[in-house]
Amino acid sequence: MISYYLFRFFESIFLALPYKLQKFFILLLAKLAYIIDTKHKKIIKANLDLTIKDEISEEQYQEILKYCHKNLSLILLQVLRSSRLSIDELAKSVSFENRHYIDEAIKEGRKIIIVSAHYGNWELGATAVGALIHPITSIHKKMNDDYFDDYLLKSRTKFNMTMIEKKGAIRHLVKAIKNNEIITMMIDQNVNPKDGIYIDFLGAKATQSAAPAFLARKFGALIIPILIHTSPEKENIIRFFKPIETAKTDNEEKDILDSTQAQADLLAEVIRKHPKPWFWCHKRWKSAYEDIYK
Numbered sequence: 001m002i003s004y005y006l007f008r009f010f011e012s013i014f015l016a017l018p019y020k021l022q023k024f025f026i027l028l029l030a031k032l033a034y035i036i037d038t039k040h041k042k043i044i045k046a047n048l049d050l051t052i053k054d055e056i057s058e059e060q061y062q063e064i065l066k067y068c069h070k071n072l073s074l075i076l077l078q079v080l081r082s083s084r085l086s087i088d089e090l091a092k093s094v095s096f097e098n099r100h101y102i103d104e105a106i107k108e109g110r111k112i113i114i115v116s117a118h119y120g121n122w123e124l125g126a127t128a129v130g131a132l133i134h135p136i137t138s139i140h141k142k143m144n145d146d147y148f149d150d151y152l153l154k155s156r157t158k159f160n161m162t163m164i165e166k167k168g169a170i171r172h173l174v175k176a177i178k179n180n181e182i183i184t185m186m187i188d189q190n191v192n193p194k195d196g197i198y199i200d201f202l203g204a205k206a207t208q209s210a211a212p213a214f215l216a217r218k219f220g221a222l223i224i225p226i227l228i229h230t231s232p233e234k235e236n237i238i239r240f241f242k243p244i245e246t247a248k249t250d251n252e253e254k255d256i257l258d259s260t261q262a263q264a265d266l267l268a269e270v271i272r273k274h275p276k277p278w279f280w281c282h283k284r285w286k287s288a289y290e291d292i293y294k
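Using the numbering used here, read the sequence shown as starting at 1 and increasing by one per residue.
Don't read these hints as lab results, they were simulated from the structure.
Hints are supplied without guarantee of correctness; some may be wrong.
Using 30 Å as the maximum straight-line C-alpha spacing, the simulated BS3-like pairs for lysine-lysine come out as follows [as the list claims (entries may be wrong)]:
hint	residue 1	residue 2
1	Lys205	Lys167
2	Lys111	Lys142
3	Lys31	Lys283
4	Lys283	Lys142
5	Lys178	Lys248
6	Lys273	Lys175
7	Lys23	Lys283
8	Lys178	Lys218
9	Lys107	Lys175
10	Lys31	Lys45
11	Lys175	Lys141
12	Lys45	Lys248
13	Lys283	Lys41
14	Lys142	Lys166
15	Lys39	Lys23
16	Lys273	Lys242
17	Lys276	Lys31
18	Lys66	Lys218
19	Lys242	Lys175
20	Lys142	Lys70
Make a model of the complete structure from these sequences and hints.
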């Protein structure tokens, strides 16, 4: 409790500063974290060495090593500022690319599952879709501290986003999709093999949640991938990708695998073109290559 109130005290001081000064301090924090945090640098190196090391230059390799902490700090800044952010300010800070994919699906009355990844400022992406296009339902992993958990929930639910707890989420997601709510799921994290399936991701074996494909197949839902990236002009662009139709044949296992692999392939294609914004400091391949993280 004490740590939470100390955080809120310093937050109030921080948010009283001009934006440029806020960003300066946040990026300074990122540089310090990069120097101190050897654990996550080791994870990033392990991931790169396993996957795309031979596809990128040494300069790109070093940029990715440094960028993870910077990106996390900018997401933290977004979360801190969201409590005072108006919907008009939010609308000015983002733009949409290929929005017609989701607009057409809504118009046709399709059930929709948005899949995304920890790429760029992912917190801003989800917030903007819920606020400016259609209310969404997403999964929230409860934090150990109830005060900080409540703080993050308030930040995420301010703009038309309903959060459901990760534990027992499938039951709630089924209910949401039956009610024609748009649900969103992150697909780029390592999962226990009992809870997911093995797919190929960036040329290496990895586990991935089969939930989006399972739900899409069961309810005839359209899977719409989205990612957010920042343009050279510092504009936050939320990009919708061509929807994925999940087949419903007599071979359920293959239908789910094909759909899940298609989701992974799309993300891998984006990462290969622009690897820096992805969340490389997560043990993405732990289920298949646990030894690389030791």
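Here's how the hints hold up against the structure:
1. Pair hint Lys205 plus Lys167 holds up; C-alpha atoms about 26 Å apart against a cutoff of 30 Å.
2. Simply put, Lys111 and Lys142 have alpha-carbon atoms about 27 Å apart, close enough for the 30 Å limit, and the pair holds.
3. Distance check on the hinted pair: Lys31 and Lys283 sit about 22 Å apart at the alpha-carbon level, within 30 Å; holds.
4. At roughly 20 Å between alpha-carbon atoms, Lys283 and Lys142 fall within 30 Å of each other, so this suggested pair holds.
5. A C-alpha spacing of about 18 Å is found between Lys178 and Lys248, which places the hinted pair at or below 30 Å, so the restraint holds.
6. As the CA atoms of Lys273 and Lys175 are separated by approximately 37 Å, the hinted pair breaks the 30 Å bound.
7. Using a Cα cut-off of 30 Å, the hinted pair Lys23 and Lys283 holds, with the two alpha carbons roughly 28 Å apart.
8. With a C-alpha separation of about 11 Å, the suggested pair Lys178 and Lys218 falls inside the 30 Å cut-off, and the hint holds.
9. At most 30 Å may separate the alpha-carbon atoms for a hinted pair to count; Lys107 and Lys175 meet this at roughly 21 Å.
10. Under the criterion of a C-alpha separation no larger than 30 Å, the hint pairing Lys31 with Lys45 is consistent with the structure, at around 18 Å.
11. For a cut-off of 30 Å, the pair hint linking Lys175 to Lys141 stands: about 19 Å separates their Cα positions.
12. The straight-line distance between the Cα atoms of Lys45 and Lys248 is roughly 40 Å, outside the 30 Å bound, and the hint therefore fails.
13. Only pairs whose Cα atoms come within 30 Å are accepted, and Lys283 paired with Lys41 is accepted, the gap being roughly 11 Å.
14. The suggested pairing of Lys142 with Lys166 holds, with an alpha-carbon distance near 7 Å, which does not exceed 30 Å.
15. Proposed proximity of Lys39 and Lys23 is supported: the alpha carbons are some 25 Å apart, at most 30 Å.
16. Straight-line distance between C-alpha atoms of Lys273 and Lys242 comes to about 17 Å, which keeps the hinted pair within the 30 Å bound.
17. Restraint check for Lys276 and Lys31: the C-alpha separation of about 16 Å stays at or below 30 Å, so the hint holds.
18. Distance hint between Lys66 and Lys218 is unfulfilled; the C-alpha atoms sit about 42 Å from each other, more than 30 Å.
19. Distance hint between Lys242 and Lys175 is fulfilled; the C-alpha atoms sit about 26 Å from each other, no more than 30 Å.
20. For the hint pairing Lys142 with Lys70, the CA-to-CA distance comes to about 24 Å; that is within 30 Å, so the pair holds.
The earlier numbered hints that this structure contradicts are 6, 12, 18.
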